[in-house]
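Could you slot chain B onto chain A? The hints should help.
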Amino acid sequence: MELKNKIPFHFSIIFTIACIILVITFWISIVYGNADIDTSTILNAIFNYDPEDVNHNIIIDVRIPRDIGALLVGVALAVSGAGIQSVTRNSLADPSLIGLNSGAALMLALTYAVSPVITFPLLILTGFIGAMLGGTMVLMIGSSRKDGFNPVRLILAGAAVSALLSAASQAIALYFRLNQSLIFWSSGGVSGTTWQQLYTGIPVVAIIVVIFILISGQLSILNLGESIAKGLGQNVKLIRPGTMLLSMLLAGISVAIVGQIAFVGLMVPHISRFLVGTDYKKVIPLTAVLGGCLVVGADTVARLMGEAPVSAIISFIGVPYFLYLIKKGGRTI
Amino acid sequence: MIDSKLKRKQIIVCLVLTVLLFLAVTWSITSGEYKMDLSAYLKTLIGQGEFKDNLILMEFRMPRMLITLLAGMALSMSGAIIQSITKNPLAESGILGINAGGGFAIAVFIVIGQVNPNTFIYVLPLISAAGGILTALLIFLFSYNKGKGISPVNMVLIGVGLSAALSGGSITMMRKFNEDQAEFIAAWMAGNIWGDEWPFVLAFLPWILIIIPFLFFKSNSLNIINTNDQTAKSLGVNLDKERLILLIASVILSSVAVAVVGSIGFIGLMGPHIAKSFVGPRHQLFLPIALLTGAFLLVVADTVGQTVLPIGTIPAGIVVAIIGAPYFLYLMYKTNAV
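Chains as they are written, first to last, in the numbering used here: chain A, 1 to 333; chain B, 1001 to 1338.
Worth flagging that the hints you see were computed from the coordinates, not collected in a lab. Errors might be hidden in some of the hints.
[Claimed, not checked] With a straight-line cut-off of 27 Å between C-alpha atoms, the simulated DSS-like cross-links for lysine-lysine are: (1) 1087/B with 328/A; (2) 1087/B with 327/A; (3) 1009/B with 1218/B; (4) 1218/B with 1007/B; (5) 1241/B with 327/A; (6) 328/A with 1241/B; (7) 1087/B with 1009/B; (8) 1241/B with 1218/B; (9) 1276/B with 1087/B.
[Claimed, not checked] Some chain B residues flagged as far from chain A (calculated, every beta-carbon gap over 12 Å): (10) 1009; (11) 1011; (12) 1019; (13) 1039; (14) 1042; (15) 1043; (16) 1059; (17) 1117; (18) 1198; (19) 1213; (20) 1241; (21) 1246.
[Unchecked claim] Facing chain B, a subset of chain A residues (Cβ under 10 Å, in silico): (22) 137; (23) 142; (24) 166; (25) 167; (26) 175; (27) 177; (28) 262; (29) 309; (30) 316; (31) 319; (32) 323; (33) 327.
Being a predicted model, the structure only gives us computed values, none of them experimental. Don't be surprised by glycine CBs; every beta carbon is placed ideally from N, CA and C.
The shape of chain B in the complex, shown without the other chains:
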């Protein structure tokens, strides 16, 4: 049974994070080139705003905000699952090269595919997911050792290598692009949140609604996998099969997210770790907190990137890397797992 004290702590942390998230969203939406004041924002939110505020909020800022929130959640969740199944606290879709795989698939698609502007938005997550899954399977295949099963350490090393190759491949293909396409891939690789209209929300939302509940449903399996292989086997969990299913689910989650927001790493690292530091490693407890933390981090990073410069913006992915990489190094310094 889950300790009731921990359960209460989880609820409190969730509430505090929700408030923080709301504040971050408010800050993000009210800042920008057109400064919306607080009362106008709140009025518009409950449907009492002026036409102009309504237009800006509903047509421009709201879809972008939703995309950012959902992507933050998806990336954080995906990172949490990948860490559990690889039993490596430093694993995450960016480090493992899964994001780069999605990007490579998108680049290939732009080169050979007939890009149809009407369906492009809906096809893109599929392409990215296909690339991500292929990359993950490749990693899985290479790190599989007969008799010993999956080696978590090799998994990460292979990911780092593949990530270098795939980004190199994407850059190579950029030579074949016209200027707009090349700029798109460059911005994508920097983690620029570019899908900021309602259709993107529609293309993105169903994936989130299916996969996140599925992963919550798998919480107990995840707890067992995360303990050790002996325990898991004696409890009757078919390890490799379960790992593969969970891996594919989490890869789809992160790939769909990066299809819309660009290659953003480290959210999947920071979100789960911060969450675990509050309530410990049980998935039922920390996953909801990881969702909120991921969303909060991405909203803040995006807003900082949008507002910190006098002219122009910095892609969210760069801001996240500048915060996330030192955090990764700190975790590495602390941990003895690797």
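In isolation and in its complexed conformation, chain A is listed as follows:
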């Protein structure tokens, strides 16, 4: 595309604005909710926590973990999407559209069926294994022999694999009578995030995002196409599966925290590339921040609409965007 060498806006300005938006969104999200709590109470709750005060409890035990959860999931999904889009060179790729989310959900359903009480790190691990299962199936079937990852094949394979894996999860849910929790997994919501989950989730996501930033130069090269990447001396055999695995890990974590949310990983990298061009050194940090904004914002809207699922709110923006991308005929990134 013509954006390839042109940087429409200066990166540091864009990045600063994005960070400010994130802070504002985050703040709004803490302030607004069923219980009206004013700013001074919130600051008091953070710096001067009083375990007897109900409002303090709401802030510390419910709202803040929930918002950090939303932030974490947004970062994870958006960066995961950027990684997948770069590896498959497919502008329509998204963790949920290529089967990562439904695979993770299936493994989580299986885990809950076998043992309802399970520690969160183990849950992340099973989510990751599931994402690997779903993703590998889709990538193997979706890549035709001739032209690598054909976007249409990838989406179709993703739709079919998701249908299969979701049917399997539903069957497991019915058999083990897990239905209530499974509806939760498939509709997506951050309302139940606990500090326990965050203590494991934050470091893992942070480490992976840092790795992504470190290898972002390689991702930019990969984005030029396999033959050019090889010509530039890149170890394609290592970088591609490595990036894919990291993306799957991120998707697995976010499913373990919120269930399935689609289109974050599709939209956010597109917006970032539109703003700062295709240099992944800039795209990855911006994608992380904007992903956080999107999910925190959507979660706030969802809460104000009486606990609607976040995933549905995001779909309302994501699907028109997806349709627009198809209409545009976006083959290349």
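Same frame as chain A, now just chain B:
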């Protein structure tokens, strides 16, 4: 002219399938919580059964069986037509999001409508068809490119996207439901055959009786559309108009079916493909076989779902997806069309 060998093959396949279908129906009806033995079943069928068998067969199992058969036929037929007009061997009402559109319309209806238990059954197919048609038109609109006409590939992609949005929408609305309504929509989305009484058969049958013969009547048009656009135009077929009519007919067919049996995908994929593998792509030849195959698959899937678990049941839609999705992937792997 149609090769007489193929014609004979078609008749043989149809006969074999009819026998298989009868066996599947027998298996389905005689199994279940009350096990009816074979002789009692056959006796009841010809009107010589005992009162209890008669009651169970005629009041409970027969209407459900008819619904399953008709829905299987409708879904398979609809899939065959959609594949022909989009020239995409992987298209089908489930993948295209048309089922999800019907479901969304039903969810909206439950939220805003005054649900009247007396007319509910008859209104439901209409609501579902309206939702399905709107979705199909949306897909049609978005995949229409000035100068190039309809792009079959975009059609499928847009369908996948819409399907995600519409199911998301239905789930969102479930929050507004009471427990019974939410459970109904959840079961509906899993493809639970729930319309199992005679009124459902009555609400469903007229649609089938009108649309299936109409589509058979259009077989030649379909053959031409399926070849290529140049040929079709030179033979004087008004492509876009004909496509739209056929699309709407097939969408009504599948929407009416999913209104009664829930969101069931992949039958419309498997039925036509299996049929074509016997007698080739001519619509006159493969459509009857596709009807029988669709009915057979749905009856078997439903029976497996009803009997395989020691307690409780698995909705037919889930069983169909577990068989159908791998089949879809296999077709994708094999085909170079996409």
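To see whether the hints hold, each was checked on the structure:
1. 1087/B with 328/A: holds, 22 Å
2. 1087/B with 327/A: Holds - the C-alpha atoms of residue 327/A and residue 1087/B are around 19 Å apart, at most 27 Å.
3. 1009/B with 1218/B: holds, 22 Å
4. 1218/B with 1007/B: holds, 19 Å
5. 1241/B with 327/A: holds, 22 Å
6. 328/A with 1241/B: Between residue 328/A and residue 1241/B the Cα gap is close to 25 Å, so the pair holds against 27 Å.
7. 1087/B with 1009/B: holds, 25 Å
8. 1241/B with 1218/B: holds, 13 Å
9. 1276/B with 1087/B: Between residue 1276/B and residue 1087/B the Cα gap is close to 14 Å, so the pair holds against 27 Å.
10. 1009: holds, 30 Å
11. 1011: holds, 34 Å
12. 1019: It holds; residue 1019/B is separated from chain A by about 30 Å at its closest Cβ, greater than 12 Å.
13. 1039: holds, 34 Å
14. 1042: Residue 1042/B is indeed farther than 12 Å from all Cβ atoms of chain A, at 33 Å.
15. 1043: Residue 1043/B clear of chain A: closest Cβ-Cβ about 35 Å, beyond 12 Å.
16. 1059: It holds; residue 1059/B is separated from chain A by about 26 Å at its closest Cβ, greater than 12 Å.
17. 1117: holds, 26 Å
18. 1198: Holds, since 28 Å exceeds 12 Å.
19. 1213: About 31 Å separates residue 1213/B from the closest Cβ of chain A, which puts it past 12 Å; holds.
20. 1241: holds, 23 Å
21. 1246: Correct as stated: the minimum Cβ-Cβ distance to chain A is 22 Å, above 12 Å.
22. 137: holds, 8 Å
23. 142: Holds: closest Cβ of chain B sits about 8 Å from residue 142/A, inside 10 Å.
24. 166: holds, 8 Å
25. 167: Since chain B brings a Cβ to about 4 Å from residue 167/A, closer than 10 Å, the hint holds.
26. 175: holds, 6 Å
27. 177: holds, 8 Å
28. 262: holds, 6 Å
29. 309: It holds, given that the least Cβ distance between residue 309/A and chain B is near 6 Å, below 10 Å.
30. 316: holds, 7 Å
31. 319: Since chain B brings a Cβ to about 4 Å from residue 319/A, closer than 10 Å, the hint holds.
32. 323: holds, 6 Å
33. 327: holds, 6 Å
Every hint from the earlier list agrees with this structure, and none is contradicted.
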